[in-house]
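K.L.:
Assemble the whole structure, with the sequences as input and the hints as a guide.
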Amino acid sequence: MESKVKEINIVGFLCNWCSYAGADMTGLGRNIYPSNIKVIRIPCTGRMDPMMIIEAFHNGADGVLVSGCHPGDCHYTEGNFYWRRRYPHLKSLLEHFGVDRRRFHASWVSASEGKKFAEVVKKVYAEVKDWKDNG
Amino acid sequence: MDKELQEIIKKLLAEKKVDWAIGYEKAYDELSTRPAFVQDANDTARLIFNKYCINNLGLYLTKFKKNKLAVVCKGCDIATVFELIKEKQFSRENVVVIGVACEGVLDKKTGKQLEKCENCRVKQPKGADFTVGTGKDSAAPKNFLDVVEFEKKSSKEKAEFWNRQFEKCIRCYACRNVCPVCYCPDCFANRTMPEYLNKNVDAEENKLFHMIRMQHVFGRCTDCKACDTACPVNIPLTLLTKKLAKDAKELFNYESGADMDVLPPLSTYNEADSESDIL
Ligand code: SF4
Ligand code: SF4
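Sequence lines, in order, name chains G and D. Going by the working numbering, the first sequence opens with residue 1, and the numbers climb by one from there. Going by the working numbering, the second sequence opens with residue 1, and the numbers climb by one from there.
No lab work stands behind these hints, which were simulated from the structure alone. Treat the hints with care, as some may be off.
Computed list of lysine-lysine pairs in DSS-like fashion (alpha-carbon distance at most 30 Å, straight line) [what the hints assert, rightly or not]:
(1) D:K68 / D:K86
(2) D:K158 / G:K38
(3) D:K65 / D:K51
(4) D:K249 / G:K91
(5) D:K156 / G:K129
P.N.:
Structure representation (structure tokens):
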């Protein structure tokens with residue numbers, strides 16, 4: 001039980017077309033990454049309602065990662081361009097309310113970048129852990 | 001000045017150019033004013049403007065959607081009107097903006113001028129259809145010193161600060177209800193399916209409400225201070241709305257209500273937008 005309490009929880013919102021498939025690829029390629037990430041599939045980062053991110057932190061998530069297609073590769077052409085504007089603003093606003101910058105991240109991971117997905121999760125985990133351990 | 005204002009409105013009403021005129025009238029004591037809604041050209045004598053006219057009457061645009069309106073606006077309130085027109089909440093043809101020159105408004109509780117008036121650059125209103133009086137703009141631009149100071153705190157200190165503040169919040173929703181850009185008829189705070197916000201009033205839920213509300217008004221909030229002034233328990237909402245203004249400016253070079261031709265920052269994108277922080 002003790003170790004469970006201390007466990008780090010990261011919510012990963014991954015877009016259906018690139019990053020979710022990329023995460024699948026990570027498993028297929030037998031890449032090792034922290035299992036602390038709990039994945040929620042979203043249609044597109046353009047659909048990423050900031051409210052859900054705020055709710056995730058409110059409900060106790062230690063970290064949040066939003067990942068989508070590289071700019072120019074969006075299945076819906078421009079969804080990730082909208083997301084790319086929401087992200088810096090939301091990060092700054094969350095920080096203003098006291099949600100540390102190390103807890104909220106975004107990445108571009110394509111369907112073929114299984115290796116990159118593992119790297120991203122490792123990085124996010126390290127940042128969240130640093131926040132949790134060192135405040 | 002009041003006379004001139006009354007004459008303009010009288011003419012507009014008499015000539016049936018507008019259905020309603022919204023301005024200010026004296027309320028229960030010398031220091032109090034309230035919104036006045038005038039429909040009859042012979043009823044304009046009660047309209048006034050003075051340094052206690054703190055309300056942002058742009059609020060009523062979304063409530064009188066089907067009417068032609070004349071609205072009395074301080075320079076800062078015009079930003080609200082323009083923002084709402086940009087958001088297609090009202091059409092420019094249906095509103096006559098009557099700008100009033102303003103020397104700054106006072107908080108009647110403290111007798112002090114509102115902080116936003118210190119470096120005001122629209123004491124002489126800009127973009128109005130009629131203008132009454134002449135005002136002298138401040139030479140210095142708006143500053144964000146208090147926000148910059150707050151940003152220096154650690155995230156832990158920030159969280160503690162807000163938790164303290166939101167313990168006071170009674171979730172009366174006055175801040176939302178006076179906000180001219182919080183016009184959704186179906187606010188997330190009221191929704192029950194799904195229930196985004198628990199109806200319990202405690203610091204955590206209150207904070208959630210404010211975080212989401214601030215996100216929703218980002219790039220639209222004109223930092224008019226209506227919410228800050230309305231709050232019955234003195235929560236420094238201005239520290240949040242000024243942060244929004246600062247971020248809109250720094251991240252997207254956007255100033256709410258300033259330029260009619262530029263879309264709010266989250267309603268558009270630029271292929272060259274920065275992505276320095278994306279992994
Ligand atoms: S006006 Fe003040 S007390 Fe009322 S909901 Fe807003 S912050 Fe809370
Ligand atoms: S300052 Fe407050 S009331 Fe005015 S637009 Fe911004 S959030 Fe709304």
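K.L.:
Hint by hint, note whether the structure agrees.
P.N.:
Results of checking the hints against the structure:
This hinted pair checks out: D:K68 and D:K86 have alpha carbons roughly 17 Å apart, not beyond 30 Å. As the CA atoms of D:K158 and G:K38 are separated by approximately 27 Å, the hinted pair is consistent with the 30 Å bound. The hinted pair formed by D:K65 and D:K51 meets the criterion: a straight-line CA distance of about 28 Å does not exceed 30 Å. Of the pairs offered as hints, the one joining D:K249 and G:K91 holds, with about 15 Å between alpha carbons and a cut-off of 30 Å not exceeded.
Under the criterion of a C-alpha separation no larger than 30 Å, the hint pairing D:K156 with G:K129 is consistent with the structure, at around 15 Å.
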